[in-house]
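J.: Single-letter residue listing:
2 protein chains.
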Amino acid sequence: MKLLKALTGVAGAIALTTGSAFADDLRWKMPVAFATNLPGLGSPAAWVADNLTTASNGSIQVRVYEPGKLVPPFDILQSVSDGKVSAGYTWIGYDQGKVPAVPLFAAVPFGMKPWAYIGWYYYGGGHELLQETYHNKGFKVHAQLCGIIGPETAGWYANKIESLDDYKGMKIRFAGLGGKVLEKLGASVTMMPGGELYQALEKGTIDATEFSMPAIDQILGFDQVVKYNLFPGWHQQFTAQYMLINQDEWDGASDSQKALVEASCTAATTLGLAEGEYKNGAVLAGFQENGIHADQIPTDVLKKLKAVTQEVLEEEAAKDADFKRAYESQQEFLKTYKVWDERAYLPADL
Amino acid sequence: MKLLKALTGVAGAIALTTGSAFADDLRWKMPVAFATNLPGLGSPAAWVADNLTTASNGSIQVRVYEPGKLVPPFDILQSVSDGKVSAGYTWIGYDQGKVPAVPLFAAVPFGMKPWAYIGWYYYGGGHELLQETYHNKGFKVHAQLCGIIGPETAGWYANKIESLDDYKGMKIRFAGLGGKVLEKLGASVTMMPGGELYQALEKGTIDATEFSMPAIDQILGFDQVVKYNLFPGWHQQFTAQYMLINQDEWDGASDSQKALVEASCTAATTLGLAEGEYKNGAVLAGFQENGIHADQIPTDVLKKLKAVTQEVLEEEAAKDADFKRAYESQQEFLKTYKVWDERAYLPADL
Chain A
666 MKLLKALTGV
676 AGAIALTTGS
686 AFADDLRWKM
696 PVAFATNLPG
706 LGSPAAWVAD
716 NLTTASNGSI
726 QVRVYEPGKL
736 VPPFDILQSV
746 SDGKVSAGYT
756 WIGYDQGKVP
766 AVPLFAAVPF
776 GMKPWAYIGW
786 YYYGGGHELL
796 QETYHNKGFK
806 VHAQLCGIIG
816 PETAGWYANK
826 IESLDDYKGM
836 KIRFAGLGGK
846 VLEKLGASVT
856 MMPGGELYQA
866 LEKGTIDATE
876 FSMPAIDQIL
886 GFDQVVKYNL
896 FPGWHQQFTA
906 QYMLINQDEW
916 DGASDSQKAL
926 VEASCTAATT
936 LGLAEGEYKN
946 GAVLAGFQEN
956 GIHADQIPTD
966 VLKKLKAVTQ
976 EVLEEEAAKD
986 ADFKRAYESQ
996 QEFLKTYKVW
1006 DERAYLPADL
Chain B
666 MKLLKALTGV
676 AGAIALTTGS
686 AFADDLRWKM
696 PVAFATNLPG
706 LGSPAAWVAD
716 NLTTASNGSI
726 QVRVYEPGKL
736 VPPFDILQSV
746 SDGKVSAGYT
756 WIGYDQGKVP
766 AVPLFAAVPF
776 GMKPWAYIGW
786 YYYGGGHELL
796 QETYHNKGFK
806 VHAQLCGIIG
816 PETAGWYANK
826 IESLDDYKGM
836 KIRFAGLGGK
846 VLEKLGASVT
856 MMPGGELYQA
866 LEKGTIDATE
876 FSMPAIDQIL
886 GFDQVVKYNL
896 FPGWHQQFTA
906 QYMLINQDEW
916 DGASDSQKAL
926 VEASCTAATT
936 LGLAEGEYKN
946 GAVLAGFQEN
956 GIHADQIPTD
966 VLKKLKAVTQ
976 EVLEEEAAKD
986 ADFKRAYESQ
996 QEFLKTYKVW
1006 DERAYLPADL
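So the sequence lines, in the order shown, correspond to chains A and B. Numbering of the first sequence is given in my numbering, commencing with residue 666 and proceeding in unit increments. Numbering of the second sequence is given in my numbering, commencing with residue 666 and proceeding in unit increments.
Hints in this document: simulated from the structure, not taken from any laboratory. All values derive from a computational prediction rather than experimental measurement. Wrong hints could be hidden among the right ones.
As the list claims (entries may be wrong) - Output of the computed footprint for chain B on chain A, the stretches with three or more beta carbons under 8 Å from beta carbons of chain B:
{"id": "1", "stretch": "718-729"}
{"id": "2", "stretch": "776-789"}
{"id": "3", "stretch": "813-825"}
{"id": "4", "stretch": "866-872"}
{"id": "5", "stretch": "937-945"}
{"id": "6", "stretch": "958-965"}
Backbone N, C-alpha and C define an ideal beta-carbon position, used for all residues, glycine too.
Kindly produce the complete structure, drawing on both the sequences and the hints.
T.: Take a look at the structure:
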């Protein structure tokens, strides 16, 4: 033991002398799309970075850059693929313009619950399909599921939603495939990062916005501007975040380093879901005490939104082969999942 | 770099010469309560052992012993606490006779869904309460949540359950607090490990049994003996498994090794839930095609089971301070969780 410590000491001294880490060490810059103080959505990135340093005894060090400090939130994929940064942490649905299939791995309207999604992702070939999806569009990244949260809310509005007509002409921030659904209904849909939404809502640049779940929306302060927080979040029953790693960096990592990244990200998926489920109830109860209406969108409106969603999904599948493949794989899984889901869980009326 | 590799080579040669691992390395024997071929329930233990070896570059090696090969399934806690083995992997509810509060961390009748449980465990103080619970009863273990699955079924029966009277005189294998509920209803409740159940059911030693979820029960073959697989599993809406580690072993581990065990176990929690949710639907659909009745227990029977459960939980809380503390902590969380749960998820009738 003494000899080993002495040897390690020598090696450590060499590293200090050259002023650089060992060639086998990983030093990654990781811009993130979400502030790390946002529960479940941003917090997993910070946890993963810390955990990688501790668990690897410093052999892996990931430096997190808060949104916009190094790379704008919507430029993360391109920057990682180009090797400008080694890694990034984001909601990959933001890139649906460049990679049409990514929303199926990020949030599907009227889609899977989070635990069904992780089932499909880890055991139904989802992880492998996602790698192929990026490579087929020329992006040089390895994508690792690295956080998931439960449903978003349907968003923040000045008034209730009582019919599909209410969306007509509404200036709304809405992400992913859900945004395409609202566009079909005549809404003027814009995209902007979370950090810009409060001001846009306050100034009237937008009339309404969805962003995330209560524990997050409270931090962004939407309840201070509008009073209707509508449910359920039909457009995002799960929201998945990924760590994107430049493909050359990933290929150059050792088996041990890869295992560490994979295990840390998979752990972050548990922690993200847990944090949201733990915190949302109390925040939502607090909203209600302060006069926020936590109303349900009427069932007939939801049914119509579902029908329009179906059209959007089929249009996207017709346009892009990767979308079609992932969509059909998910639908195939859901056929039998339904048999389980309908029986396994306790009815709500007990 | 060349010098470092040379140094590592020397160190490796020393290890070979002495024939032992370095003092800082961990070499753990880990008996498990569930065969590692059981999806979600047994598989996480094997995954964690493999992952720890890879991620630590061999510094941690956990050797898994299948059920009964080293330690009988129900003796795992005691063996780990006594230091006869360094670690064990089990459903901790088996020890409710010695540690009355453990079922609250393992499976609560009419209790939390898996994602609510992990919320409470990781963010609501559950992890810390569990350590105190063991220490208060004199057990020297560190407990790490290391796998969770969704609902069990209500079990396997020769006939439907149509009233509470059907449980009277029934010889049934039923675990945890659910077993106490059925005892109150006049059932003759026995406990035995999963590996012994098929034979007991076939020979008529028991009339009925619960064990786990369809993807697991199929492997154990209950569908070959009786034809009613009833739902929902009111007694175990979540089933949590833990890695128990001898306290001295845990205290002696480095920060890096602790972080590796924690991250691997937390990742195994994601993977366990995912594996079950992915596999159960197809297995259950297969059962139905082969004439197994996947029937619901009538709502009025479930309501009565819930009322008796309430009595059992209150009796246990009155008898044991740790039970009371954990029970009240869970109930407090559920008050606000309900506000979220009722609104966030899509209604089933869309």
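J.: Each hint should be assessed against the structure and marked as holding or not.
T.: Structure-based check of each hint:
no.	hint	result
1	718-729	holds (count 4)
2	776-789	holds (count 11)
3	813-825	holds (count 3)
4	866-872	violated (count 0)
5	937-945	holds (count 8)
6	958-965	holds (count 3)
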